[in-house]
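The listed protein sequences derive, respectively, from chains A and B. Note that numbering that gives the first Met the number 0 gives residue 7 to position 8 of the first sequence, counting from 1, and the numbers run on in steps of one. Note that numbering that gives the first Met the number 0 gives residue 75 to position 76 of the second sequence, counting from 1, and the numbers run on in steps of one.
Be a bit skeptical, because a hint or two may be false.
Computed Cβ-Cβ distance ranges for the label pairs, DEER-style [unchecked claim]:
#, chain 1, residue 1, chain 2, residue 2, range
1, B, 93, A, 98, 40 to 46 Å
2, B, 103, A, 57, 30 to 36 Å
3, A, 42, B, 93, 33 to 39 Å
4, B, 93, A, 110, 22 to 28 Å
5, A, 44, B, 32, 20 to 26 Å
6, B, 82, A, 71, 38 to 44 Å
7, B, 11, A, 79, 16 to 22 Å
8, B, 102, A, 67, 21 to 27 Å
9, A, 67, B, 53, 42 to 48 Å
10, A, 48, B, 53, 32 to 38 Å
11, A, 147, B, 22, 25 to 31 Å
12, A, 35, B, 33, 21 to 27 Å
13, A, 118, B, 82, 19 to 25 Å
Below, simulated DSS-like cross-link-like pairs (lysine-lysine); rule was C-alpha separation at most 25 Å, straight line [said to hold, decoys possible]:
#, chain 1, residue 1, chain 2, residue 2
14, A, 51, A, 144
15, A, 44, B, 31
16, A, 98, A, 38
17, B, 66, A, 38
18, A, 147, B, 66
19, A, 138, A, 51
20, A, 98, A, 144
21, A, 147, A, 38
22, B, 53, A, 44
23, A, 144, A, 44
24, B, 66, A, 44
25, A, 98, B, 66
26, B, 91, A, 38
27, B, 82, A, 38
Quick partial rundown of chain A residues pointing at chain B, CB under 8 Å, derived from the structure [as the list claims (entries may be wrong)]:
#, residue
28, 96
29, 103
30, 113
31, 118
FYI, nobody ran anything at the bench for these hints, they're computed from the structure. Where a beta carbon is used, it is the ideal one built from N, C-alpha and C, also for glycine.
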Amino acid sequence: MDIRRRGILKAGGGTGVLALATAAGLLRPGAAFAQQWNKAAFETKSVADTLKALGGSGSTESAQIQITAPDIAENGAVVPLTIESGIARTQTIAILIEKNPNTLSANFEIPEGTDPFVTTRVKMAETSNIYAVVRADGKYFHAVKEIKVTLGGCGG
Amino acid sequence: MADPMRIRANMAGDKVEVRVLMSHDMETGQRKDASGAVVPAHFIQNVTVTHAGKTVLSAQWGTSISKNPFMHFRFKGGKPGEKVTISWVDNKGERRTDEVVIGGG
Numbered sequence: 000m001d002i003r004r005r006g007i008l009k010a011g012g013g014t015g016v017l018a019l020a021t022a023a024g025l026l027r028p029g030a031a032f033a034q035q036w037n038k039a040a041f042e043t044k045s046v047a048d049t050l051k052a053l054g055g056s057g058s059t060e061s062a063q064i065q066i067t068a069p070d071i072a073e074n075g076a077v078v079p080l081t082i083e084s085g086i087a088r089t090q091t092i093a094i095l096i097e098k099n100p101n102t103l104s105a106n107f108e109i110p111e112g113t114d115p116f117v118t119t120r121v122k123m124a125e126t127s128n129i130y131a132v133v134r135a136d137g138k139y140f141h142a143v144k145e146i147k148v149t150l151g152g153c154g155g
Numbered sequence: 000m001a002d003p004m005r006i007r008a009n010m011a012g013d014k015v016e017v018r019v020l021m022s023h024d025m026e027t028g029q030r031k032d033a034s035g036a037v038v039p040a041h042f043i044q045n046v047t048v049t050h051a052g053k054t055v056l057s058a059q060w061g062t063s064i065s066k067n068p069f070m071h072f073r074f075k076g077g078k079p080g081e082k083v084t085i086s087w088v089d090n091k092g093e094r095r096t097d098e099v100v101i102g103g104g
């Protein structure tokens with residue numbers, strides 16, 4: 000793992016020029032962010048409120064959504080999660096952590112041509128249910144998995 | 000200026016497999032420092048991945064994405080030698096854009 004990381008670190012060195020151009024205002028990366036940050040959704044404190052803030056009124060549990068994650072996370076600061084949806088026309092995948100101070104962790108937009116699959120790492124304050132909420136063809140579906148946390152990753 | 004992202008993009012069959020590791024503290028705004036003062040929230044809010052002028056993934060993140068965020072996904076339509084560009088912007092308006100050339104499988 001470490002050796003690979005070094006390699007990528009070196010490979011990344013050449014991108015500094017682009018960063019300078021960005022800093023100088025030659026490029027406007029802001030233009031690439033067509034969507035805004037959904038502040039209301041990220042401030043919600045329950046699964047039902049988050050769903051509402053994301054635009055859903057209800058959600059159906061679906062066996063076609065797979066959450067791959069450890070059953071027990073020793074370190075709540077870094078919990079790896081993979082979410083894969085087998086539902087046709089999956090448009091977004093959201094990660095909700097029920098017992099975190101703020102429920103919504105991430106919302107991924109999946110355009111056509113991109114697999115309805117994403118892996119990331121999240122922080123968990125305590126043992127909690129994780130909800131993967133998928134919007135497909137305008138409808139909402141979810142799967143749930145409990146992850147036990149030995150050491151919380153939010154406070155400190 | 001944040002450190003460069005570490006990006007890998009390689010062909011896996013007819014799809015491009017992208018792995019990215021960003022360098023960011025992802026402060027939750029709930030942690031306290033040694034003197035008891037709350038460390039203000041500082042976290043990436045938007046991530047956009049583009050290929051050939053088309054967005055292949057975009058994400059909105061909250062404070063509960065882990066420090067030095069990692070992301071892995073796949074998209075169709077890329078070829079070796081083409082570029083994948085990833086940008087993020089955080090809640091303080093700091094931003095970073097990096098790109099990588101797609102490698103063979």
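Hints, one by one, checked against the model:
1. Separation of residue 93(B) from residue 98(A) is about 30 Å and departs from the stated range, judged on CB atoms against 40 to 46 Å.
2. Under the hint 30 to 36 Å, the C-beta atoms of residue 103(B) and residue 57(A), about 45 Å apart, miss the expected range.
3. Distance hint check: the CB atoms of residue 42(A) and residue 93(B) are about 21 Å apart, inconsistent with the given range 33 to 39 Å.
4. A beta carbon spacing of about 26 Å between residue 93(B) and residue 110(A) agrees with the range 22 to 28 Å that was offered as a hint.
5. Range check, residue 44(A) to residue 32(B): Cβ separation about 25 Å, and the 20 to 26 Å hint holds.
6. Range check, residue 82(B) to residue 71(A): about 40 Å between beta-carbon atoms, so the 38 to 44 Å window is met.
7. Distance hint check for residue 11(B) and residue 79(A): the Cβ-Cβ separation is about 19 Å, which falls inside the suggested range of 16 to 22 Å.
8. Between residue 102(B) and residue 67(A), the C-beta spacing of about 25 Å keeps the proposed range 21 to 27 Å intact.
9. A beta carbon spacing of about 28 Å between residue 67(A) and residue 53(B) contradicts the range 42 to 48 Å that was offered as a hint.
10. Residue 48(A) and residue 53(B) have their C-beta atoms about 33 Å apart, which keeps the hinted 32 to 38 Å range intact.
11. With their beta carbons about 30 Å apart, residue 147(A) and residue 22(B) fall inside the hinted range of 25 to 31 Å.
12. For residue 35(A) paired with residue 33(B), a C-beta distance near 36 Å fails the hint of 21 to 27 Å.
13. The hinted range of 19 to 25 Å is satisfied by residue 118(A) and residue 82(B), whose Cβ atoms lie roughly 22 Å apart.
14. Only pairs whose Cα atoms come within 25 Å are accepted, and residue 51(A) paired with residue 144(A) is accepted, the gap being roughly 21 Å.
15. Our distance criterion of 25 Å between C-alpha atoms is met by residue 44(A) and residue 31(B), whose separation comes to about 21 Å.
16. For the given pair, residue 98(A) sits about 19 Å from residue 38(A) by alpha-carbon distance, which is consistent with the 25 Å threshold.
17. For the hint pairing residue 66(B) with residue 38(A), the CA-to-CA distance comes to about 20 Å; that is within 25 Å, so the pair holds.
18. Proposed proximity of residue 147(A) and residue 66(B) is supported: the alpha carbons are some 20 Å apart, at most 25 Å.
19. A hinted pair counts as satisfied when its Cα atoms are at most 25 Å apart, and residue 138(A) with residue 51(A) qualifies at roughly 13 Å.
20. For the hint pairing residue 98(A) with residue 144(A), the CA-to-CA distance comes to about 13 Å; that is within 25 Å, so the pair holds.
21. The straight-line distance between the Cα atoms of residue 147(A) and residue 38(A) is roughly 28 Å, outside the 25 Å bound, and the hint therefore fails.
22. With a C-alpha separation of about 34 Å, the suggested pair residue 53(B) and residue 44(A) falls outside the 25 Å cut-off, and the hint is violated.
23. Pair hint residue 144(A) plus residue 44(A) holds up; C-alpha atoms about 18 Å apart against a cutoff of 25 Å.
24. Straight-line distance between C-alpha atoms of residue 66(B) and residue 44(A) comes to about 21 Å, which keeps the hinted pair within the 25 Å bound.
25. Proposed proximity of residue 98(A) and residue 66(B) is supported: the alpha carbons are some 19 Å apart, at most 25 Å.
26. Between residue 91(B) and residue 38(A), the direct Cα distance comes to roughly 14 Å. Compliance with the 25 Å bound is thereby established for this hinted pair.
27. Only pairs whose Cα atoms come within 25 Å are accepted, and residue 82(B) paired with residue 38(A) is rejected, the gap being roughly 31 Å.
28. Interface restraint check: residue 96(A) against chain B, minimum CB-CB distance 6 Å, threshold 8 Å, status holds.
29. Look at residue 103(A): its Cβ gets to within about 5 Å of chain B, closer than 8 Å, so that hint holds up.
30. The interface hint given for residue 113(A) holds, since its Cβ lies 4 Å from the closest Cβ of chain B, which is under the 8 Å cut-off.
31. A hinted interface residue such as residue 118(A) counts as satisfied when its beta carbon comes closer than 8 Å to some beta carbon of chain B; here the least separation is about 4 Å, so the hint holds.
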